[in-house]
Each structure stands twice: as C-alpha cells, then as structure tokens.
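If you read the protein sequences in the order shown, they are chains S and P. All residue numbers in the first sequence are consecutive under this note's numbering, ending with 498. All residue numbers in the second sequence are consecutive under this note's numbering, ending with 498.
Just so you know, these hints were derived from the structure itself, not from any lab. Where hints are given, some of them may not hold.
[What the hints assert, rightly or not] Below, in silico cross-link-like pairs of lysine-lysine (DSS-like), each with a Cα-Cα straight-line distance of 30 Å or less:
#1 P:92 with S:209
#2 S:209 with P:66
#3 S:258 with S:240
#4 P:66 with S:92
2 protein chains.
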Amino acid sequence: MEFWSFPPAYDENFLPEAGDRYWFPSRETMPVVERERAIFERLKTVCRYAYEHAPFYRRKWDEAGFHPSHLKSLEDFETRVPVIQKKDLREAQDRMPPFGDYLCVPEGEVFHIHGTSGTTGRPTAFAISRADWRAIANAHARIMWGMGLRPGDTICVAAIFSLYMGSWGALAGAERLGAKCFPFGAGAQGMSARCVQWLAMLKPTAFYGTPTYALHLAQVAEEERISPRAFELKYMFFSGEPGASIPAIRDKLQNLFGAKVFDCGSMAEMTPWMNVAGSAATDGMLCWQDVVYTEVCDPTTLRRVPYGQRGTPVYTHLERTSQPMIRLLSGDLTLWVNEPNPCGRTYPRLPQGIFGRIDDMFTIRGENVYPSEIDKALNELQHYGGEHRVIISRASTMDELLLRVEADQETYSNGAAEIEHFRQQVERKMLGVLGLRSVVQILAPGSLPRTDFKARRVVDDRAVFREIRAQIEKTGPGAAPPRWPDGSIGPP
Amino acid sequence: MEFWSFPPAYDENFLPEAGDRYWFPSRETMPVVERERAIFERLKTVCRYAYEHAPFYRRKWDEAGFHPSHLKSLEDFETRVPVIQKKDLREAQDRMPPFGDYLCVPEGEVFHIHGTSGTTGRPTAFAISRADWRAIANAHARIMWGMGLRPGDTICVAAIFSLYMGSWGALAGAERLGAKCFPFGAGAQGMSARCVQWLAMLKPTAFYGTPTYALHLAQVAEEERISPRAFELKYMFFSGEPGASIPAIRDKLQNLFGAKVFDCGSMAEMTPWMNVAGSAATDGMLCWQDVVYTEVCDPTTLRRVPYGQRGTPVYTHLERTSQPMIRLLSGDLTLWVNEPNPCGRTYPRLPQGIFGRIDDMFTIRGENVYPSEIDKALNELQHYGGEHRVIISRASTMDELLLRVEADQETYSNGAAEIEHFRQQVERKMLGVLGLRSVVQILAPGSLPRTDFKARRVVDDRAVFREIRAQIEKTGPGAAPPRWPDGSIGPP
C-alpha cells in the first residue's frame with residue numbers, strides 16, 4: 007500500500023503519469039477485506055496515540071470503560087469506542103483554551119488556525135499542524151486527481167478564505183496537484199460580478215465553491231450578459247452544503263456551466279474534508295476509507311447500518327496527528343452502498359451524497375420531512391424560480407407547512423391564472439413527495455434573498471406562521487405580506 | 007552573502023537562533039558599496055534573463071536602444087533602462103492573454119494567480135511561479151523576523167484573501183517563519199465583529215491588515231465593550247495604504263492596541279511587497295535592496311534623486327523569475343535617506359513611508375496638495391471624529407476646496423458653539439498645512455461610511471461641488487444636505 011504510515015510521510019514530489027487513473031492504485035483498488043485489516047491496525051495505533059497524548063480521550067474512554075488495548079476487531083471499535091460530538095469539543099476548549107485538551111502536538115507545531123464560523127456561542131478553533139497540512143494537501147490532491155484534475159489545470163477557488171476550511175483545503179490540494187491556483191475567494195460586496203469577469207477572462211478549467219454560490223454566479227453572469235458556458239469550465243467540485251448530489255441541482259449546474267459536477271465533503275472538523283468525494287467515473291461520493299474511516303451508523307445505537315440503508319456518518323481520522331477526531335458523530339444523513347464502482351475503486355459509496363441533517367429533519371403529522379427533499383422536488387418543476395422558504399409550525403393542534411416558492415419570470419408575467427396553476431402544481435408535487443398537504447404561496451422570481459454560502463431555507467416559528475397564515479387568508483395568494491421573517495420582499 | 011543566487015535557492019529549513027537580530031547578518035549589514043556591487047552584477051543577470059525570456063522587454067528595450075550588454079555601472083541601469091508602467095502590463099496582457107508576453111516561465115510552473123482588483127478596465131493578472139512563491143515566503147519571513155516576529159508567534163492576517171497579494175504575502179511569510187497562522191481574512195458582512203471575538207479569544211501576538219481596517223476594528227471592539235488592548239497584540243504590521251508611517255495615525259494605532267506598529271509595502275506587482283518595511287529598532291521603512299532594488303526617482307527625469315529628497319520609487323525585482331519587473335514606476339511619493347539605522351541594517355530608509363501618489367496630488371491655486379497631508383493634519387486635532395472627505399473643484403475661475411470633517415461625539419453633543427469652534431480650528435489648521443483657505447463643514451461622528459480596505463477620501467467633481475456649496479450657503483454649516491456623492495448620511 008503506497009505511503010501508508012502514521013504519522014503520514016508522503017513524497018511531496020510524487021505525481022502519477024497524466025494518463026493514470028489512480029494516484030495510489032493499490033490503496034484505491036485493493037480488496038475491501040485487506041483494506042479493513044489495514045484500517046483496523048491503524049485504528050489501534052491512532053487510539054493508542056490519542057490515549058497517550060490527549061487527556062480529552064483518556065477521560066472520555068476511562069469513563070466509558072474503554073482502553074485501546076481492548077481493540078481486537080473492527081467490531082470492537084464500533085461497539086466499545088464512544089462517539090464524540092461537537093459540543094464535547096466546545097467544552098474541551100472552554101476548559102483549556104484555545105485548542106482544548108485534545109491537541110496532541112506541541113503548540114509550536116500549529117501551522118494554521120481555523121474554526122467554526124457560528125455567530126452564537128463559543129466557536130471551535132481548529133489547530134492544524136504543519137505535518138497535518140501536508141497530509142491534507144496530499145489527500146486532496148489525490149482525490150482531485152480521481153475527479154480528473156491534472157497538473158496544468160487552472161483551479162478557481164470561489165469560497166470565502168477565513169475560518170472555513172473548505173476553501174483552504176481545496177487550495178492546498180490544488181497546490182499539491184501542481185495546478186495553477188486561482189484563489190478568488192468570495193463573500194465581499196461586488197465580488198461575484200468581479201468573479202464573473204475573471205472567469206470569462208482567465209477561463210480556468212475547474213471551479214470550487216458551494217452549489218448555492220455557483221447558481222448565484224450563473225445568475226450574475228447572465229445579468230452581465232455573459233453565458234456561464236463562456237467560462238469553459240470542465241470540472242466543478244462542491245462542498246459546504248448538500249446540492250451537488252441532488253440530481254435536479256446537479257443537472258442544473260451541469261447544464262448552466264457545461265461542466266462535470268462533483269460532490270465532496272464531510273465536516274470542517276474532519277479535514278481533509280474530501281474524504282467523501284465523487285470520482286470521474288462514479289456518481290455520488292466515495293468514502294476514501296484509508297484517509298478517514300467512515301461508519302454510517304444508526305443515529306440511536308451508533309453502530310454501523312448494513313449497506314443499502316440510511317444512517318449518520320461517524321468519522322475517524324487515520325492520518326491527522328494534531329487534533330485527531332475519533333468517532334466524531336456528524337449528525338448528517340446519508341445512505342451507503344458497497345457495490346462495484348465504475349471507477350474501479352473499492353470504497354463504499356454514498357450514491358445520494360449527504361442529503362440532510364438528523365436535526366434538520368422535522369416531523370409533520372407523523373411524517374419525517376427533510377428540507378433537501380423539498381429542494382429536490384421543486385428543482386424538478388419546470389417553472390420553479392430558483393428559491394423558496396419553508397415555514398413550519400409544530401405546536402398547533404394540527405401541524406402545518408407553508409411553502410413560499412418563486413415562480414419563473416414567464417409564469418409570473420403571465421398573470422393570476424398561470425400563477426395559480428403553478429401553485430397547484432407545487433401543492434400536488436409536495437403531496438406526492440412528502441405525503442402531506444401544504445399551504446403554498448407563489449412569489450415573483452428574485453423576491454427571496456440569495457446567499458453566497460450555505461442556504462438556510464427553513465423557518466420554524468409558530469407565531470410567525472400564524473401571522474402569515476392570517477395574511478394569506480385575508481388577501482389570497484400573491485398578495486403582499488407586511489414583512490417576512492426571512493427578510494424577503496413580497497411580490498408587488 | 008547568505009543564499010544569494012539567481013534563481014534563488016533558499017534552505018527551507020533555515021531559521022536563525024531566537025535571540026539573533028538578523029536573519030541574514032551579512033546581507034543585511036554589509037557595507038553599502040559592496041552591496042551595490044553585488045546588486046549591479048545581479049541586475050546584469052536579471053536583464054539578460056528578461057531579454058532572453060520576455061518579448062515584452064526585448065521589444066521595449068530594442069525601441070529604447072538598450073541591450074543588457076550595455077550595463078557597465080549602476081548609473082547605466084538608471085539612465086539607459088526605460089521605466090515600465092502599469093499600463094504597459096495591461097497592454098501586454100491584452101496582446102497576449104492572460105499573463106502577457108513578460109511571463110518568463112512555462113505556464114505549467116504558475117503556482118498562484120492573483121491580480122489587480124480594479125472595477126473598471128482590464129484588470130492585470132499576476133502569475134506567480136512555485137519557485138517565486140518560495141522566494142516571497144523566504145523574503146517576508148526574513149523581514150518579519152526583522153520586526154521581532156518569531157516562531158511560535160500567532161499571526162492574524164485580517165485582510166481579504168482574493169486577488170489582493172497583501173494578505174497572501176503576509177501569510178506565506180508567517181508560514182515560512184514557523185508562526186501559528188490565523189488567516190481570518192476580511193471583507194464579508196459581519197466579519198469585523200467576529201474578528202473581534204476571535205482576537206479576544208485567541209490573543210494572537212501579531213496582526214496584519216490595513217491601517218483603516220485596524221481603526222475600524224478598534225471601533226467595532228469598543229461597540230462590543232471589548233478594549234482593543236484586551237487582544238494583547240505585540241506587533242501590528244500594515245500595508246495597502248499609507249497610514250502606519252503617519253505619526254498621528256501610527257500613535258493612534260499604538261495607543262488603541264498597545265502594540266508596536268510597522269509600516270510595509272511597495273506594490274502588488276512587486277511581490278514580495280515587504281521589500282520596503284520597518285524593523286524593530288528603526289522607524290519608517292527600510293528598502294531591503296537585496297530583494298527588490300529601489301531607486302527613488304525624480305518623476306520627470308526618472309533618475310535617482312539624492313538622499314534627503316522626495317521622489318517616486320522605481321522598483322526592480324532581483325529574485326523573481328515568473329514576471330520580473332524591471333524599473334517599474336510606482337507613481338507613489340516618498341522621501342529617502344541614507345543614514346546609519348538604529349537596527350544596524352545598511353539599507354536606505356523611507357522615514358515617512360509612502361505618503362502620497364504623484365497622481366493623487368492635486369493643485370489648488372498653485373499649491374500642490376497631497377491628500378495624505380490633510381489626513382495627517384486632521385489626525386493631530388484632538389476633537390477629530392475619525393473620518394473626512396475632500397471635495398475639490400478645479401474648473402471655476404477660482405479653485406475651491408471643501409472639507410467635510412467629522413467631529414468627535416463630545417464636541418458634536420455640546421452644540422453649535424463648540425461645533426463652530428472646531429470648524430474654525432480645522433480651517434486654521436488647513437490654512438497652515440496647505441497654505442490656502444478651504445470651506446470646512448463639520449459632521450456628526452460616524453456619518454461618513456468607513457471602509458475595511460483602502461480609504462478613498464477625495465472627490466473631484468465640479469457639479470457636485472457647486473451643489474454642495476450652494477446648500478451650505480443656503481442653510482449654514484451643520485444642516486442636512488440632500489445627498490452626498492460619497493454615500494454618507496448628513497448630520498441630523
């Protein structure tokens with residue numbers, strides 16, 4: 007197995023031949039049983055390392071009655087090692103600021119500090135050592151190679167460079183790959199229009215960002231009378247939010263830009279976050295198990311679910327030495343399979359990517375609803391205007407669901423009858439997808455604010471809901487409400 | 007002389023002892039004559055290299071009747087090599103997109119693409135090779151060492167990561183120095199408040215940004231009831247705009263943050279831009295001549311002015327191989343001296359930093375006025391509210407100058423008499439500094455928009471001027487004008 011050691015020690019000058027499909031053929035295509043045997047050995051090493059270096063793990067495992075010497079099989083790992091959660095990390099950093107008592111290297115080896123960008127509560131700081139940064143760069147370069155990226159490609163990284171690790175990880179990979187890196191970033195006023203100008207001028211071969219931002223860029227381009235296809239992008243890879251694995255959104259992105267679309271990404275804490283990522287010949291996302299060991303688990307028992315079933319990913323670093331995460335509960339929702347992959351890699355696969363959060367899920371009249379399913383269904387409608395909001399109420403005697411959906415310009419301009427027709431179409435679609443009735447209101451295209459980062463489309467607020475419901479009953483669909491909780495402007 | 011070669015080949019593992027004052031003692035403290043001899047040899051090499059690899063230089067020099075073999079002395083360089091200007095670079099990139107016919111390495115060696123962020127006209131793309139990036143990192147680390155920064159310091163880079171090279175160069179230097187890098191960035195909505203939270207939590211030892219942004223951050227901190235001194239910064243280094251060398255602004259920054267303030271920076275095209283930068287024991291900026299050769303020139307003759315005189319810097323790369331700039335005219339304004347430096351480095355010095363632009367300068371009634379002089383004078387007034395605008399008219403029979411100046415809260419709250427008193431004080435000060443009368447209008451503190459990047463405070467518009475002048479005459483100072491060209495809200 008190529009360069010398989012802990013701590014990792016990659017040859018920084020290694021590059022496959024341009025025609026090679028694999029960066030590391032044996033690591034990527036080896037029989038699953040053999041890989042699992044190697045992963046099990048590595049898990050023993052990583053657990054011993056964490057127990058010795060991190061009071062955080064020692065305390066947690068002592069409490070749970072686990073000791074690294076107990077590991078005799080992969081099943082032991084899954085059943086005896088307790089999961090950790092993001093709140094455990096926050097608490098550890100509160101106890102021992104700024105990096106928590108799970109930093110396993112001397113502070114002097116910290117190379118980059120990043121973190122969560124949450125605006126409320128204590129943010130979590132990520133301390134990434136110099137050696138880890140190299141391991142991340144090597145992993146990302148290898149996974150980007152799997153998408154078809156090659157030295158000489160120009161890669162535009164169009165996500166904000168700040169606390170967020172998405173942009174930095176993509177850049178580190180692009181740098182290691184020997185690509186021409188164009189770290190344009192995102193987030194400041196006026197940047198989208200400038201990005202469009204540069205994409206048209208520079209014609210990079212690849213683009214990284216969030217799906218929401220790419221859709222926004224396409225819109226900005228069209229406003230500037232530039233076709234997104236004029237950028238001549240060949241590859242677009244995404245993380246930061248689900249989307250690139252939702253067929254309707256993926257197809258939309260592919261059609262708009264004429265590029266092949268890849269979904270990637272686990273969690274900021276799990277850097278290298280491309281440990282789940284698509285490859286040139288395989289849709290969805292592969293779990294690159296030799297970088298980060300992924301178990302898709304039942305959210306209650308926290309044990310692996312059989313392939314073919316839904317669950318939440320639980321991740322374990324196999325290469326990170328600074329702040330190794332061991333059985334970090336993601337809270338995301340996915341489905342995994344283990345079938346032969348067209349690309350020949352023998353990794354398990356997430357055919358639908360990450361399609362929701364366990365805690366995003368809401369229950370209405372006994373039905374489990376994932377916001378991503380609503381997004382997916384709306385994107386399948388021809389006259390969908392591109393943005394929507396979901397407003398839910400759980401506290402009334404009867405749960406209710408309000409959908410505020412933009413129509414496209416054509417439908418909206420054609421007047422009340424067409425708007426009403428589209429409204430009924432949305433209602434029927436939602437009934438089919440969700441198995442329950444919803445109240446649908448149609449908005450003019452562009453009336454809901456777009457975001458250049460992760461889209462938040464669900465508002466769960468009883469009081470607001472009642473107010474809006476009353477408005478709609480008083481004035482009928484299409485009327486201007488006084489003020490929406492999502493900051494949008496109502497239709498004229 | 008340590009590691010003096012072309013192309014550069016630095017030992018990436020080299021670090022001085024923590025107690026050492028110099029990174030490269032002999033390069034930094036050698037007799038001027040010896041250094042100039044070495045620089046002259048290097049200039050011959052660089053000119054030959056450019057002539058051989060860049061049609062851009064070949065054409066330009068052939069036209070000017072210059073050939074690298076003509077170089078027999080430093081004076082030949084100054085008198086026979088024509089300057090190049092930013093517009094020459096734009097034209098070259100128009101002719102041969104995207105990098106122009108002055109790219110001297112194969113495109114495959116391009117590591118990072120950055121550029122000018124101008125919103126009008128064709129932006130200029132910078133192609134920086136992998137080898138150049140290492141040279142930049144080594145130069146910046148060495149110059150930051152000169153400020154007193156050491157491995158183990160935590161360095162917050164609080165400037166936008168995008169086209170702008172300032173943030174990237176500071177980061178590359180911090181990485182090479184072995185510091186803990188905290189690339190927070192800037193520019194997106196809500197980032198300043200988050201930056202304040204992180205600075206208070208992480209307590210980095212050093213900060214990089216623009217002076218304007220640091221002043222803004224201090225204000226945001228105070229709004230959040232956090233003293234900027236609670237960040238416990240020891241070093242703050244700045245570029246992107248003049249300011250850190252203007253005594254009043256430097257003192258203000260030092261007082262607000264309790265940190266030592268350093269000024270740095272030449273031009274984005276001149277990466278490594280820290281080729282002019284302050285050091286721990288020496289105020290102003292040193293010209294690190296062995297990295298980039300700086301000639302302070304008469305703007306007309308484009309020949310060096312004697313030490314002690316004002317002129318415009320003309321820069322020449324001595325280490326850059328991808329897009330070497332040879333006699334690039336900056337258009338900036340400075341004054342240089344060549345006296346023994348307290349730090350012992352034998353470089354020429356810019357004691358007042360870069361204090362203006364040749365083309366920012368405007369002439370009113372025969373007087374040359376630099377916006378930086380107005381900025382400096384206002385910052386010396388106790389009751390200055392921190393922001394101002396300059397509105398000039400050159401086309402009337404008599405040139406006029408309108409200053410819109412914020413008072414501090416105390417003055418503004420104390421009513422008309424105090425406001426008028428402050429107004430007269432500003433008028434007198436301006437008369438003293440500029441030698442001409444101006445119309446001064448006092449505004450409430452906070453009424454002019456702040457910027458988190460380079461401040462643009464001069465508006466040159468006759469029509470607007472006449473309109474505002476009429477308003478003031480009609481309503482008297484302190485009245486609310488209908489609408490200001492700088493987007494500000496008038497006083498209530």
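Hints broken by the structure, by number, lowest first? 4
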